[in-house]
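Student: These protein sequence lines are chains D and A, in that order. With positions in the first sequence counted from 1, the corresponding number in this note's numbering is that position plus 54. With positions in the second sequence counted from 1, the corresponding number in this note's numbering is that position plus 54.
For the record, the hints were derived by calculation from the structure and aren't laboratory data. Just so you know, these numbers come straight off a predicted model, no measurement behind them. Hints may contain errors.
Any copy will do: because identical chains look the same in the list, a pair fits if it lies in one copy or spans two.
[Said to hold, decoys possible] In the DSSO-like style, the derived pairs of lysine-lysine whose C-alpha atoms are separated by at most 30 Å in a straight line are: (1) Lys258 to Lys473; (2) Lys475 to Lys258; (3) Lys258 to Lys519; (4) Lys436 to Lys258; (5) Lys519 to Lys133; (6) Lys366 to Lys258; (7) Lys133 to Lys342; (8) Lys194 to Lys395.
2 protein chains.
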Amino acid sequence: MLLLGGVQRALGLCRPHSGGCRSYSVAVQLVDDLRALVGESNVSTAKVVREQHGRDESMHSCQPPDVVIWPQNVEQVSKVAELCYARSVPMIPFGTGTGLEGGVAAVRGGLCLNLTRMDRILNLRTDDFYVTVEPGVTRKALNSYLRDSGLWFPVDPGADASLCGMVATSASGTNAVRYGTMRENVINLEVVLPDGRVLNTAGKDRSFRKTSAGYNLTSLFVGAEGTLGIITKATLRLYGVPEATIAAVCSFPSVQAAVDSTVQILQCGIPIARIEFLDDVMIDACNKFSNLHYPTLPTLFLEFHGTETGVKEQVQQTELITQINGGSDFTWAQGQEERNKLWTARHNAWYSALALRPGCRGYSTDVCVPVSKLPQIIVDTKEDLLTSGLTGPIAGHVGDGNFHCIMVLDLNDQDEVRKVKEFTDRLARRAMAMNGTCTGEHGIGIGKRRLLQEEVGDVGITAMKQIKATFDPKNLMNPGKVV
Amino acid sequence: MLLLGGVQRALGLCRPHSGGCRSYSVAVQLVDDLRALVGESNVSTAKVVREQHGRDESMHSCQPPDVVIWPQNVEQVSKVAELCYARSVPMIPFGTGTGLEGGVAAVRGGLCLNLTRMDRILNLRTDDFYVTVEPGVTRKALNSYLRDSGLWFPVDPGADASLCGMVATSASGTNAVRYGTMRENVINLEVVLPDGRVLNTAGKDRSFRKTSAGYNLTSLFVGAEGTLGIITKATLRLYGVPEATIAAVCSFPSVQAAVDSTVQILQCGIPIARIEFLDDVMIDACNKFSNLHYPTLPTLFLEFHGTETGVKEQVQQTELITQINGGSDFTWAQGQEERNKLWTARHNAWYSALALRPGCRGYSTDVCVPVSKLPQIIVDTKEDLLTSGLTGPIAGHVGDGNFHCIMVLDLNDQDEVRKVKEFTDRLARRAMAMNGTCTGEHGIGIGKRRLLQEEVGDVGITAMKQIKATFDPKNLMNPGKVV
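If we strip away everything but chain D, and leave its shape as in the complex, we get (with noise of 0.2 Å):
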């Protein structure tokens, strides 16, 4: 057994706020009893393998766990947890280490759940509209499992991640348009409180597309990050396929020609499902990186779903809009493999940007403001990031209001890091300023507690913590994370 310093940080007994120093045989007893619990091969203290689920894809500092186990049922969840909240031992739940925000950093050491090896999918009731989800399901592989049943679950934040963990961060992407973000789509939760009781948000094995009973618990852990509970099963809405598919790119003249057209076909109504801003610097990236030949200029990548003549007619009203704008003709995307070509293009914004810099590392911003407040703020932030000399290509999810600046600094860079760190905040402060969120969907991890506290004033923040206390006495779900 190899516990990375010893005693001085063993399973975050000894750190300087858990309260003491207690026994290296403690440590090593709880190791002992994991294996017990889970199984010799599912638990690790190799320093390769806690530094892997130390870090997401941010700059956030990679901050390993002590040990790493991968249980594989909700019993074993609650028996560790169980064990762990006799002990004080702090528990990091994670997914696909695909977060953005730092959130499964062990800021305080302790146990790591890695949650991948539990991945059923129980349960598809395709006349209901459901399906139930254990952790290690991603996003894909649902997707793919639910092929020939004619449904299919939309949110998608471009990586392949972890629906439990979309669930953990409220994420989104770029179908929330018009399908809503996880907050809208998850019906019932199973979670595993800090003490091993097992919560079903809704009721146990219950779903209903709604109710009225009681305090609404299922809201309360999208998009707790983990602090409050790990969630061990989610049950989801799903959604007819739609008969016809069509996407589409169109290029502007100028950022608030795109945003322009944007809101217009939000205030006209148009059903769109997906609509996607990328600046010039950011279609530059993409054709780069993608192979693609776009115009570098200011574009929207669109998509819509319907009847054959749902979509007719949504692309009519879509064209007018756009060329009362300025904007070009529209390049189609049809088929599914071309489809597949562009969104796969628009995911990948995350790698161009990455590409501009070989070598550095990546920090997305993520602020929503109220849709008719996008064109302002978006050349407001390109005129800062041109004054900053910072580099931070523009890729959103507009039809939400919602769009992020990918920063590519050099992590070894002292005064780029402090730039990079100013113009965010920045950012969060200019989006607050317009009624807006520091997060609409990355969640606030360790970096943007702060801004949180900011954005929701005393009063909010002083809630959230009562909430905290309430479900996680102890401070060990996470701890460090949201509030």
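With chain D fixed as given, assemble chain A onto it according to the hints.
Tutor: Using the frame of chain D, we list chain A on its own:
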């Protein structure tokens, strides 16, 4: 000053469960303080006024508060809460009194806050599809205000309820199948907490289509039935008025045929705006009450929203499905006036049912199940009604799996009252056995607390009680409801 029952009942200070009897002078002092705070004319202790505020539209018996006040603004509500908190006086928010689960009954006496004089509509943002309303604004008042804006607020429980009351009970109604319930349509809330602090659940003046900034406080207060705080403002999502709207009525040879049609319409992904079921007893009652002449058969009332072309297509697809199931030709209601007549008849179902037995009271059941279970549960329930010899016409928002038996009963007939109680419990448990809920949209109130416990289980009810204790440690906010 006329405080009912004097010292023994004054202001909830002297109830057996309120922790000892204080002096009558404390009560007198509080009422004087309230008068100083909100003005002489905005405080009443008159018996008739208190009784008006102690009941809703249900059969739950009247439990009047000790005093009723009409605050004018959030500052007054906050100060009133401070006063009551300091003196441990229960507070019950009151909107239009159109609830159906005894949510306003002052089971521990105390102070009723009638919020109807806070009735401003604020900050309409047509370009961003939202508006903020004070608690006295009703659904119809808002839609009347929006008339020339091209927007509307679609959630429609039938009654002209206050919108903040609808937030509090997580109301929905006929349009939820297309536009969601209050849960999906509240962006932000201003809430006065029991101790007088003012919470903005998503941060002050914030409005966005999505966020992942911390715990979802907004959703926690939607459906909390006034047990966690007093809602003083709600920011609501608005929708574009559809270009075309058509309503239709279709009769069926059997319940099964009507409900099967509903399930198939949903499965085909037709974006139907309303699909309401009325059984033969209900349609007969509506015919008599609203002077209509529909066949006395299981019936669907349907409404389609969209573009002219889109609505035509929806109607064609729907007609095909209803005809396959043996449905009649559609009876159309195309103009605004005809549609109003149709939906008024549907919304008068409650009064139509009551008119079946003059002098009797009504109680509406409210179960909701996965849509595929609807045919079975409705057939079983009709058999149960027959066997029990009870009057309970059925109307339901079947697109959501939600239906109501409107029980009409003679409150003086103890045997009938017992039978109704047994029937409604049996129905709730039948729904729960089919993965459903005991309440789709009316809430828990005073009558369904035991059912809630069965529905969410011990861990769930403990979590809800913890939340209640966290936000309302003295149990002053609408005590005796939900948990």
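Student: Would you mind marking each hint as holding or not holding in the structure?
Tutor: Quick rundown of the hints versus the structure:
1. Lys258 to Lys473: So lysine 258 and lysine 473 pass the 30 Å test across copies only (29 Å; inside, 49 Å).
2. Lys475 to Lys258: Cα proximity of lysine 475 and lysine 258: across copies only (25 Å, versus 44 Å in one copy).
3. Lys258 to Lys519: Cα proximity of lysine 258 and lysine 519: in one copy and across copies (27 Å, 18 Å).
4. Lys436 to Lys258: between (49 Å within a copy, 27 Å between copies)
5. Lys519 to Lys133: both (26 Å within a copy, 24 Å between copies)
6. Lys366 to Lys258: neither (43 Å within a copy, 41 Å between copies)
7. Lys133 to Lys342: neither (50 Å within a copy, 62 Å between copies)
8. Lys194 to Lys395: within (16 Å within a copy, 48 Å between copies)
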